[in-house]
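My request is simple: use the sequences and hints to build the entire structure.
In this note's numbering, the protein residues as written are 80 to 227.
Some clues are possibly wrong.
[Unchecked claim] Listed next, with one range per pair, are the computed distances between beta-carbon atoms:
#	residue 1	residue 2	range
1	Val-110	Gln-175	27 to 37 Å
2	Cys-91	Gly-115	33 to 43 Å
3	Ser-132	Gly-90	46 to 56 Å
4	Asp-160	Arg-191	55 to 65 Å
5	Gly-90	Val-114	36 to 46 Å
6	Glu-168	Asp-125	16 to 26 Å
7	Pro-203	Pro-180	40 to 50 Å
8	Arg-193	Ala-113	15 to 25 Å
9	Ala-123	Pro-199	47 to 57 Å
10	Leu-152	Pro-199	49 to 59 Å
11	Arg-117	Pro-85	43 to 53 Å
12	Ile-194	Asp-153	36 to 46 Å
Since the hints were made in silico from the structure, they are not lab data. Ideal Cβ positions, reconstructed from N, Cα and C, are used throughout, including at glycine.
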Amino acid sequence: MANTRPKRVLGCAPADRITADRTAMLALPPVAPAVGWRASTRLARDHYVRLDSNDYSVHPGVIGRRIEVIADLDRVRVHCDGRLVADHERIWAWHQTISDPSHLVAAKVLRRKRIGMLRPATEPEVEVRCLADYDTALGLDGIDGGVA
80 MANTRPKRVL GCAPADRITA DRTAMLALPP VAPAVGWRAS TRLARDHYVR
130 LDSNDYSVHP GVIGRRIEVI ADLDRVRVHC DGRLVADHER IWAWHQTISD
180 PSHLVAAKVL RRKRIGMLRP ATEPEVEVRC LADYDTALGL DGIDGGVA
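Rendered as structure tokens:
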């Protein structure tokens, strides 16, 4: 049988200590401890969040707003103002990009809307004044026979 030999540090065999150890142990709490990973950040313009070297897409409608990333062993979820904006299966491989097709379509639509909004600024019309008006205002009429 294992652990029946007495140990000097314990003063007895480890097998003899099991009942004393079990009575001294505390019971587990009734609520399961929080496990996983949680972080809060602002969503960058590329609408992806990075977790363990993998990039997960987020709906681009929340770019620039504060988001909360919650990950456990199976899922990666992203919330913005209490609303779920991304839900992906967690990938354990390294350097992967995980994209939801609906996020890609929304990003394309937003890009097209932005390009349509960006038009070159029109040149403002500036009144061009005749230089002879300045000669008249400064009293230089007729000096040197002409316009400055």
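Here is what the structure says about each hint:
1. Val-110 to Gln-175: 27 to 37 Å: At 34 Å between Cβs, range holds.
2. Cys-91 to Gly-115: 33 to 43 Å: 41 Å, holds
3. Ser-132 to Gly-90: 46 to 56 Å: 50 Å, holds
4. Asp-160 to Arg-191: 55 to 65 Å: 26 Å, violated
5. Gly-90 to Val-114: 36 to 46 Å: 38 Å Cβ-Cβ, so the 36 to 46 Å window holds.
6. Glu-168 to Asp-125: 16 to 26 Å: Between Glu-168 and Asp-125, where Cβ atoms are some 21 Å apart, the hint holds.
7. Pro-203 to Pro-180: 40 to 50 Å: 45 Å, holds
8. Arg-193 to Ala-113: 15 to 25 Å: At roughly 39 Å between Cβ atoms, Ala-113 and Arg-193 fall outside 15 to 25 Å, so the hint is violated.
9. Ala-123 to Pro-199: 47 to 57 Å: 27 Å, violated
10. Leu-152 to Pro-199: 49 to 59 Å: At roughly 52 Å between Cβ atoms, Pro-199 and Leu-152 fall inside 49 to 59 Å, so the hint holds.
11. Arg-117 to Pro-85: 43 to 53 Å: Once the Cβ atoms are compared, 48 Å apart, the range 43 to 53 Å for Pro-85 and Arg-117 holds.
12. Ile-194 to Asp-153: 36 to 46 Å: For Ile-194 and Asp-153 the Cβ distance comes to about 38 Å; the hint holds.
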